[in-house]
Amino acid sequence: MSDVTPAIKKRKLNTSESIYLVEVLKGMAITMGHVIKNIIGELKGQSTFDTMEYPEVRKPVNDRFKGAHRLTTRPDGKYKCVACMCCSTACPAKCISIVAGEDADDPIEKFPVRFDIDMLRCIYCGFCVEACPKDAIRMDTRIYEINAFSRQDMIHTRDYMRDLMAGDKPEAEQWYRENPQHSPEGFLGEVPPVIP
Amino acid sequence: MSETMLTVILALVKCVFSLAFVMQIVPLLIWAERKGAAYIQDRPGPNRAHILGVRAGGLIHTLPDVFKLITKEDVVPSHVFRPLWALAPIISMSVALVTFSVVPWGDQILIPAEIAEKYLGTTGPLAVNLQVADIDGGLLYVLAMTSLGVYGIMLAGWSSNNKFSLIGGLRSAAQMVSYELAMGMGVVAMFMTYGTTRLDTIMQIQSESILNWGVLLSPPVGLVAFILFWVSAFAECNRNPFDLPEGEAELVAGYHTEYSSLRFALFFMAEYANMVVASSVTATLFFGGYNIPFVNGAMLREHIDLVLIAIGVGGGVFFLFAASIAFGRRKDPFYAAMEAFKGPRPNKLAPVGGLNGLLYRALHDDTLRQHEWKIFTAIWAGAAAAHFGLIGLGAMNIASGMPLLTEIIVFVTQLNAFVVKVLFGCWMFIWVRWTLPRFRYDQLMDLGWKYMLPIGLVNILLAAVWLLIDANTMRLYAAIP
Ligand code: SF4
Ligand code: SF4
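Going down the list, the protein sequences come from chains A and B. Position one of the first sequence corresponds to residue 1 (our numbering), numbered consecutively onward. Position one of the second sequence corresponds to residue 1 (our numbering), numbered consecutively onward.
In short, the hints are calculated from the structure, not lab data. A portion of the hints provided could be inaccurate.
Stated by the list, open to error - Pairs of lysine to any residue, SDA-like flavour, derived with a Cα cap of 20 Å:
id	chain 1	residue 1	chain 2	residue 2
1	B	Lys374	A	Gly33
2	A	Lys94	A	Arg114
3	A	Lys110	A	Asp135
4	A	Lys37	B	Asn47
5	B	Lys118	B	Leu6
6	A	Lys78	A	Ile19
7	A	Lys44	B	Gly45
8	A	Lys44	B	Thr122
9	A	Lys44	A	Met32
10	B	Lys14	B	Glu180
11	B	Lys118	B	Gly401
12	B	Lys68	B	Ser260
13	A	Lys44	B	Lys14
14	A	Lys37	B	Arg43
15	A	Lys26	B	Gly425
16	B	Lys450	A	Ile19
17	A	Lys37	B	Gly45
These numbers were taken from a predicted model, which means no experiment stands behind them.
Okay, chain B solo, but in the shape it has when bound (with noise of 0.2 Å):
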């Protein structure tokens, strides 16, 4: 295999797995959007749809919904400007994805010379750096690529040719105008500190230590620039308390009015690529990204059969732990609650012959929810049963002896640290969304501009003076080759 195919095939392997990186979780957050909304609200969320009776909490609800969507009707409204309508869900959905392209997900994979060598064909190991595109300018890239993310919105409201998608992609168009000024004046902040725009350079500057994560460098200008960086990637995201592009009580659904079947679901999971993407960008700069508090990829490295005992002792208590929550719920009280309940008799509109009836008896019948509890405890009893089989694995020291293993555990492990952190970022999304009331449209724009810019500002100044009496950063920057 030539030099240029391996780079090409690299290249298109880091395409689809940061594109499914990004998709894959867009449904767990539609899902943990309403399945945190109800917990919030009291009430027990999506619980219905179900596989064999296999509900998993809800998550099953996210397939009809995909079914659904794609199977309405795309209605195209005869008033609208048709290429630009057209072309705003592309915009916004394409700008979501790209935006992820430069964030780094992971260390560098270290291929071993007589592996790179034997199966594709290099000369000497092979290092691929776990990100598609490790430009300079990566911060820079981030900033522009969510500045275009606007155009999709604006011209959504625009080409939709009604008064109210209009005001929804205006006002998107000045909230995103003003935090982006903010935005950047935290990102200007952080690289004066690091010294580079490079986000993996970045990156490894963190692995250092976790005094080096972005949040904690020469305080308070990390933690300000946090801080003003996630607020602006709120109001980026068009997500609430910031979302009055599409304030549903005065503008009934704002820019995506107009937009049915799949052309708003791409508007929709926009909203939610934007959340996974500001919420990876925000992991990287000020959280350390991939790195695990306290251990770095040297020391995973060094250690792999400790790590591979740690993960197998962690994972297997906790699903040790599930499988007996699961094992005691296989006799739930609910069903028996259930029972005593009961009205005087069955729902009339149930049918009670043919499909229908067994499709009927399938959804309402109790022992099904049992039986989905036994499925639990067998899965999860089976998950914890494989983690202890990695405390023998780490035991017995495999993994150290054979290099390609352990760089991919190493892959694994950093890459789950990233889900986490990401996750929890989108879980915060989530969070404030169903706290907060929204902003008031003035006291929206006194917020970006009267405070955040200011701060910003001397946050800046701050960062200066930290450079010129602080040569801790400065020196940390020198080290890395």
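Just chain A, with the same shape it has in the complex (with noise of 0.2 Å):
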């Protein structure tokens, strides 16, 4: 065994790849190809191009493809969700924080108060759907661009993630400076808490 790295054996050029000129005007043909075809493509308006005007047109993505939360509802309007907390104990990031409340005109009693998904410490895992006994957390919005402007926009909270596929809603921010009395703490300029 040698430990000489074996020298890399270069294949010798033939007559019109060593004087160069022919194999460039080869490629130049290759690539003028593709000018003329996008140009015919652009003009005839059938995109020809590999890549997609994002923000107008988007790649449609799969039907399993987890998207943001959403919390589903029964038919009278009220959470599925009975605040088992199987979806947090489940969570291995820990970004899902619940307050359970009860409601006693309602035969199942409990309900989420709060129940924030902190989307920056989420890794998309889906565990909180598998562990969910009442199907009443869902990652099937196909929503992608999750994103805001601070921190606190980027925790979801309950009636956030309720009203997300109803109608066009507009991001989040706008949505708690609407609904203030949902927003997360600190949220519209209040000092957070400090947690000690």
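Hints given; two lone chains; assemble the complex.
Printed below as a string of structure tokens:
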């Protein structure tokens, strides 16, 4: 065994390759072919491009795509969620925080008073959906542009997640401005509480 | 108006024109580079910036580009040698612009005696040479100026005082010096064949017939000289495959690493100005400059009405075609496709109110694109109508009765021919850049010294042999007064 790196054998160039010009012209013919193809496509209005004009045209995502979470509701409009904490227990990122409340009028009794998911910590594993016994949380929104201008806005709250698919929802910030009672702590200029 | 005044004014006008010529093509080239690169790589390229919906195929992007470069902070690193550092981009740019002054961009304009005497105060007709400087050593001047260009890059590399810039500058110096030789050899063969270094005389020789065009002269001397000249022009302009001075993979950005804002813009524009100049010198030397194949200035003047009709028919049909395409696109199927692919809701980040919201909606409104096609339809239909109007002018024999109008039409026609050649040359630069990979440094030197230089020398020998055995070139030269 020798530890000498073997020299890379180079193929000898044939005549047309060694005078460069012929091969250069061949290459130029190929690139010009692409240009002509794309110009004709443009004029016809049939895009021949490999790329999409993103904000207007989006890549269709698979049905199983895990997008932003939403909370489902029963026919009477109440949350399906029974605040059993299965999802927050299953969550490997520990990003779901639920506060349970009691609804005496309802046979189900338990419901989430708060249901926050910190989307900055979520790893989109889908365990919460798997864990839920009530089909109360789903990730079938196909929304993958989960973004905001601040960390606070990245915490999706209960009603926001409920309304996510109901019509064209504006961005989170706008929604919170319109529904300040549901906005996360510290939002709208409040100083976030210092956790000891 | 006195003679001197007239000369000075004419010179000024020509200077402004030639400056404007180069500087107008530069933004166009930057657009062509981006759009050409995109189309070669199967992507749409710049297509967002617009003025009231008119995107003009991405041309509008040049405006924000310029605006960005102007408003950026001009960072002066503390470690640079300030005087030379500031001087370098100026040298690069001005050398590129100055070279263009010897290139003739049109036939002589003959202002007829009655008009010249009445308005310009000359005695007899006035012949205006369409060239800023008709000096005897025109070709040598081009060579001299292009070799000055290396100073800009070398000074930038050295005064930037960092190793990447320095290596970039060094490479550039070595490369330019090597390829200047090959370029010089090509040019020597050409001016042996032409028998002169005056570019206007060279142009007159080429006006005689298409067989007198540089590439076809005493074959294969002209062709070989053209290839030598053209390949060296790539190296002189630091364009791919010879853009080692700014090899971004190993040298960050080479000699202009430390430059920002307008100083960087100067280097950037100098590159494109150099391309324009290289293309125009090549067109002048090898492709008959402002001559239209098979039609020279005298013929244009003689059949000026026919020329008008030809332009009218050609331009009219072209613009009608363009207008019909634009008209067909006003209800673009692309927009339907856009609707179909729309996500479950609009982009979350879309600001909904205020000026931002207005802007956002203006930018993303699909109907704006349809609107644009309508505007294009109108513009192109108008252009078509104007061209068909030219047919009428030609049919009524208006131009042949007015010598000055004739001159103007001839000038515009020939200038267009020149521009077409220059633009094609520039497109070659772009085309090659997005086709070929970069040379390795030793390959670059091998090509320059071991192949191109000997070929150039042999070519000179061939040119001499042609001069000995064939009186053809000599005769043509003698025919020029
Ligand atoms: S997707 Fe995974 S990480 Fe995200 S909230 Fe559900 S369980 Fe947690
Ligand atoms: S979403 Fe499902 S798993 Fe999570 S608390 Fe509600 S019912 Fe339990």
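Here's how the hints hold up against the structure:
1. B:Lys374 <-> A:Gly33: 29 Å, violated
2. A:Lys94 <-> A:Arg114: 15 Å, holds
3. A:Lys110 <-> A:Asp135: The hint holds at about 15 Å.
4. A:Lys37 <-> B:Asn47: 18 Å, holds
5. B:Lys118 <-> B:Leu6: 13 Å, holds
6. A:Lys78 <-> A:Ile19: Violated, at about 78 Å.
7. A:Lys44 <-> B:Gly45: 17 Å, holds
8. A:Lys44 <-> B:Thr122: 56 Å, violated
9. A:Lys44 <-> A:Met32: It holds: about 18 Å lies between the C-alpha atoms, which stays within 20 Å.
10. B:Lys14 <-> B:Glu180: Outside the cut-off at roughly 29 Å; violated.
11. B:Lys118 <-> B:Gly401: 18 Å, holds
12. B:Lys68 <-> B:Ser260: 11 Å, holds
13. A:Lys44 <-> B:Lys14: Status violated; Cα separation ~42 Å.
14. A:Lys37 <-> B:Arg43: Since the Cα atoms of Lys37 (chain A) and Arg43 (chain B) sit roughly 12 Å apart, the hinted pair holds (cutoff 20 Å).
15. A:Lys26 <-> B:Gly425: 18 Å, holds
16. B:Lys450 <-> A:Ile19: 12 Å, holds
17. A:Lys37 <-> B:Gly45: With a Cα-Cα distance of about 15 Å, the restraint between Lys37 (chain A) and Gly45 (chain B) holds, given a limit of 20 Å.
Violated hints, listed in ascending order, are 1, 6, 8, 10, 13; each of the other numbered hints is respected by the structure.
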